[in-house]
Amino acid sequence: MKINRKLTWVMLLGMTALFTQCKDSGEDVAPDDENELITTVILKFTEQGTTNVTTFKSSDPDGEGGNPPVIDNITLKPATTYSVETQILDESKSPAVDITKEVAEEAVDHLFVYTTSPAALLAYTASDKDANNLPIGIKGQAVTGAAGTGTLKVQLRHQVGTKNGSATPGSDDVNVDFPLKVQ
Amino acid sequence: MSKLSIVRKSIISIFSGVFLLLLTSTYSLAQTPACACFIKGVVRDQHTGLPVIGATVLMVGQNKAVFTDEQGRYMLDHICPGSYEIECRIVGYNPFREKIDLTSGHEEDFTLEESEIHLKDVEITAHRTDAPASQPLTTLSGTELFKTRGDNLAESLKGLTGVTSLQTGASISKPVIHGMHSNRVLIMNNGIRQEGQQWGSEHAPEIDPFVATRLSVVKGAAGVRYGSDAIGGVILVEPEELPINKPLSGEVNMAGFMNGRQGVISSTLQGGIRNLKGFGWRAQGTLKRGGNIRTPNYFLDNTGSSENNFSLAAGYRNKGFGIDLFYSRFDTKIGIFSGAHIGSLTDLLNVIKNGEPLVKSGFSYAIERPNQNVLHNLIKAETHYHFKDGNKLQWTIAQQLNDRNEFDLHRPRNDSIAALNRPELSFKLNTLTNDIVWDHKPIGKKISGQIGLSSLYQYNLMNGRPLIPNFNQFTVGLFWIERLVTHGWELEAGARFDYRTLSTHRIVRREKVSTDFTFSNFSGTIGAARNLTQNLSMTLNVGTAWRAPNVSELFSDGVHHGAAAYEKGDSTLQQEKAVNTIASFKYTSSRLTIELGGYYNYIADYIYLQPQPEPILTIRGAFPYFKYTQTNAVFRGVDLAVDWEVLHKLIWTGKLSYLNVYDKGNKNYLVMIPPNRLENQLKYLIGAGTKIQNTYISAGNLFVAQQKRVPENSDFAPPPKAYSLWNIQAGTTIPVSEKNEFEVSLAVNNLFNVAYRDYLNRFRYYADDMGRQVSLRLRWKFGA
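Same order as they appear, the protein sequences are chains L and X. For the first sequence, counting from 1, position 158 maps to 158 in the numbering used here; every step adds exactly one. For the second sequence, counting from 1, position 301 maps to 301 in the numbering used here; every step adds exactly one.
Facing chain X, from chain L, some residues (calculated, C-beta under 7 Å):
(1) Asp-28
(2) Pro-69
(3) His-158
FYI, nobody ran anything at the bench for these hints, they're computed from the structure. For every residue, glycine included, the Cβ atom is placed at its ideal position computed from N, Cα and C.
Isolated chain X, as found in the complex:
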């Protein structure tokens, strides 16, 4: 027996939010009146297939827990028939939960003899991620992820507490975590930091959510592990492990949306190679077409979109050695609502006064000007070696090519130039990232840790209307994190140093001007996680993160079309530094789960657009003048999620996100902060245990308050009123055969076709948000 296995039962914890345990189960089950059932199985690392030693497997709400032995085996015995939830935890892996039903009516089993073994054999494979153990991590996978299929990345994550989206119309959304977005939220796409033109609020992440089987959100500053920009949080987009040596399997997802008459189809095919041991591969592709979106009272002209994406992956494992290759291509064309184009402040004020858009339209799939055409290519190679003594070395190299083209509403007046149909704005961003991480062997089975070196090299080429300069950027970062597991505590501490150089080149009055910058920063993190009782656990983390001012904050100088504002950058801006304290409590019993989190994020030198007293006069009239400037800001809030089985099979879910942001420097509020939200849902489970499983119907309500904490006279229109939207859903899983399964869901959002506007939709000046949406989703899984 390992040392860990003799630790007192009550400690259990030591759970780091760091691994995700995936369950695959093959079992036979039975029922006896006596408490003679048991659950047994093996816990394995999903990546290496090696047994995980010393993992805790516990029955939630029962005073029962065991540790895995040297072969990764565990066994929970003397269990009475019933429905249970088991959880598996170990340092460095995400805790994983699975509902186990030991009551299912296999009537024939009643005839079995007393001595017959009644068991459920559950093999747990542990997937490793690197999220900090003491920070809240929320993951969307399985059925919950299925319910969002066909939505873009930010919309998919919107159901999580503390997460919302910043929209530019209905088709462009960016994730917002605890009130922060763009360069303050880092997205890790399959282990690689996503590098597009994130500074733009109308630049959505160039990621196809169908690539992932898990979408996770790390809330709070996580600068030590992930480097710059992880101020508000980190989004992890993770595909499943490659199916090394596994038979062919796949899935087909289809989604149809009535509003916008949008259709999405995505397929995945994967497997091993029959005569080649150690190989695995996967191919995946998505097609998406949508037309004009309808608000309750009118269509929005030119709001269609199209996407063609695919990804390929292949991997090889041999003993401790492994290599993975990944390529993905994301190609989208998004129409921008033509009524949002304005030439002057007068135009904007006229639209606001009119109350609805001046441009009227019917339904069409055509995407005209203005539009965005974005192509994002990612190629990645990851290789690792597990040394026999427990050390591990991992090296990841990736290149990203982001090609963004934006077409304005108006073609050039000169016919010969117009005939070329060139984009008015074109950005080509090329990024090379390198990460090398050394996981040292556990010291005394109590301390585990890693040291990493990351570099990023990037250059941007810009063409068209002057907006941001060309630039070259080089960043190098070194980090070290250690975790200690002892006496029921999991403690974590880490430090990081980053150094960045930035050279910018632009043309000012026909002369080339080059400006160089250097930034450097220390980050730190310290955190603890502990199980207080069998039902109650808590985490506490204090972490720092930073980001350098981006090129648009340094060099903007002109009218922002669509915002009717003259924006001016400041090349003397300093880096932004955040200190975030985040605490969370979780109570779990068989019928009730409560998750309560609170955070206090202090951001020194927070960069924002400050309104200036005098407008700027141009040939198109006077524009309000905003200048990028720095202040000290505080983001504090509470996230609450409750899951309560009120009556048998009737579940109530409540989610509350509260956020209060204050500009300490100016003793005022900040603009564009998400208003408070409250979500309620009642779900009824039908016919569990029959052939048709996981059948549910649900009804829910989303209430979004009016944002009242806004600075005075900083906006053209007051924040929109509070709104309340109802939704209904129904879904089921139909197992056709052992290796064939259909999952279907039908949902109606904005059931009563309410006309509303959202404060975080940049088009709220021009038009209402989307009206009623009926969506049908279908998934066929085969071969696994």
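So here's chain L without its partners, still in its complex pose:
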């Protein structure tokens, strides 16, 4: 009986030692880095035959949630041809990371899609091609129609191994609706 009691005490003691094991997960907090984050889309319109440049921006520097994105109104002249250059940034990092370059490097997996509603407001044609001779859409040409208002949807389609020149495959990395006014 005495032995049994001793055994009990040894077990209890062993247990209390184990109850106090410790490790602080707070010393080891990984930085809040998201590789794929895109916060900003910049559209640079240059009126053909001139040096008139207008820039429009959609920006959400704190990422998803928090403050909502701030989106500029796009205003263009009717029946005019513009060359368009698109830039995407991650402004949550300091300094901001230009993701356009990374997209250009992986052009075979990416496609910028520009959709106007109503369609007659603006027609976009990409002028750049990837290694498979499919459009990319970082650089292109926009021709405006008659005066009117609507939206310009800018999508960056991520199409790993499935890019075929159409918008259908893949998923959205960017999907922004810019208010558009042609006047």
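Please arrange chain X on chain L, whose structure you already have, making use of the hints.
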């Protein structure tokens, strides 16, 4: 004779759902025209080998029952030849049933003299589990478990009434009990609470079902015995007792599945050590490979999976002392259907509109991105001492390391980062659990009970895309349960107190933010079990359980990819508390068994995702906005199971699960509640008594209704339509020699290759469920 043995025969009961009695039998049997057969044997505790005194051994449907004596012996005599079912029951053990055939044609026995003893000697070994006596406990073992071999844990349990699964495609399933899952269902893996990242609906339990020879489900709140999270129920994954001093034995299981061209092999080898008394050991391993799953009309890209698991166990017993060591490693890599990756709500709506996935594929075993790679290590030591006066002390310590890595569809765009091929999400959860349980000696042979102290210490390290914080968590719980057996009643009552601290650490706008929480809760249980007549028994239990809000409910803040929803946590959430009332009736006669259970589970401060009126605008468009919030919810339902031998050897089985869930706070329904199910099966037994035993053919149907009780405008697509699936099965057992046995089964599920979608499959937006599945299973048991 013990006191118990003079209790009136009709009481029998006192059966606690608490022990499982395992039968091993060595016998000779015979037949006489007169009623001179008898069954005798010994009831032993499987763990200690000590005789179990005062256990009831009864013949089901016959007015015959006896109690075991001081040596655990029993004898049922004056039995006419025939087929019987015997049942053994005692407080603290699961009731056990075994069919005994005293008609088998040993013709030579007819020549025996009248005075010759015709008997069946059945040794019963009782295995002890801790499930509450007054709560329904359903166990899957033997042939029923064999029929599920090769399936994952949740799929294996799906055949039980009131149990279904929450799926993420065909390869990831989580068990759902009475409409609850994840942090509301507790899994006890070999006596240890499973601690993975349970909060995630796409995080399946990291358990190899081949480790277990018994899978049990305790339905209803069981917070007193098991601590937090046991709100919907508890799943017990239990291996067999170690084969102390027994000869070498083992089994090899093989399963082949046509859909996914999946193959599974699992082997177990076990035995004692010849020159060392008191030792036993077991080694077990499983390999699994599967490729792309096919729906009736197309393959699902990247849905392969692979598993490499093994476990080792060793134990020593000497008189009342025992120690068991256990190590298991579960390692899986699961491909996630690539068509389920969406970037924006537009993407999701396009897939739903299209009706089938935009990503097409053929068959492949390759597992590409997106995928999950999960490693779960469990090491456990359990030691106990049975004091001579009847007291028992048990101490269990275990450590679990859960290493979960999730790879997104898209690699980082930056090539140098992409080259590292790091997971986009990585969680390392380290858990240490300690349980010490004191079983006091029975008081007046009527009251038995236990007092226990449990602790859990846990820390989580997180890396990658921000999702949940790092945290440290410490929980301590103290419980006390007593059982009284008197006048045909078994009464049970218990209480528990839990205290938990949680410290979380995360980075918000480049600054470290630490938040601390404390939670504490009292739980209670009270229940009764009684045999009303020889054929009818009932149980009633009222139990409470609780859980603290988990870190994702507290801190989520972002788009949930795959769900196309912006989810926001709330750090002011309080703990969830459940009060569950569960009653069950069981009628048993020789040809008919009916089990009817009803439950009413009231959950105060039920945590759920509430849709918000305004969407959240992001760079990828507007996402519907959901916020974790609390309400009071009621889960009520009925489980019914009927087993009826309609004609000789023709058995009909019917199972019905009905569930109705209501959000009392908002006077509305809740989302993601399993629809009602009805299962029917007709089984024909062939050639019992010949050399080829247990041969059957069966055909069945599963009908799953459409879930109509859903809140309006809370989902992107309406719940899928009702579906009806047919299945056929055939199986047999071939005894090669006394110690060599083959068991084989062939099954076809979704026989007519019906295209359907299940409401509880999170990929129902993207693709159909699995098409026809043909599976062949083979088991070779040797040495025992």
